[in-house]
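Asks: Sequence:
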Amino acid sequence: MEEMNCQRRSTKATRQKLDVFQKKHRVEVRLSDYDLDVLDATCEKLHMTRSQVLRGGIHDLKNVTVTEVKNIHNTSLEALASECRVLGIHVNQIAKSLNTRQVNYKYMDNDEFLSTFQAVKCVPEIVNKISELITKVEEARKDFVIDVDAEVDKGIDNYLYGQRTVSDRYLEVNDYGDD
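Sequential numbering from 10 applies to the sequence shown in our numbering.
There may be inaccurate statements among the hints.
[Unchecked claim] Only pairs whose alpha carbons sit at most 30 Å apart, straight line, appear in this in silico BS3-like list of lysine-lysine: (1) Lys130 / Lys105; (2) Lys105 / Lys145; (3) Lys54 / Lys32; (4) Lys130 / Lys145; (5) Lys105 / Lys138.
Quick caveat, the hints were computed from the structure, so don't treat them as lab data.
Nothing here was measured: the structure is a model prediction, and the numbers come from that model.
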């Protein structure tokens, strides 16, 4: 009877999966609360475990082809940045001239006093200009971020909620089951 059990018993080689499908490696991923909630919602929607969803995402990346690398230039932001640089240079020059002279108003002639007074008088104007530029930059950044975020969100939504490239059949064929 024992001989018969030995014959029925499969060998180790036939029981084990191919090396390609063995899960020998472990990866630790740190996620924010929001990212974890999105992952859990995706898992629930697809009736899959976290590992299955993440593995499926890796296999989706195999099919991704980069056709064009886009360099995003916002000329208005570049112009604002150059204006800020120029204003910063002016402020530094004023500060340097005031610091190096060790200004003593009692012993200053009229020309020096007028030039120093003009420099100090410019400072509030420069500060106002800088605050205007900061406001413009913040508005431009909001518009820019909204445009980029909309494209990213659309791509994520397509992956998570519909137009997925990894089908359930693909997962079944490759036996990406629970850990």
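Asks: To test your reading of the hints: which numbers does this structure violate?
Replies: none
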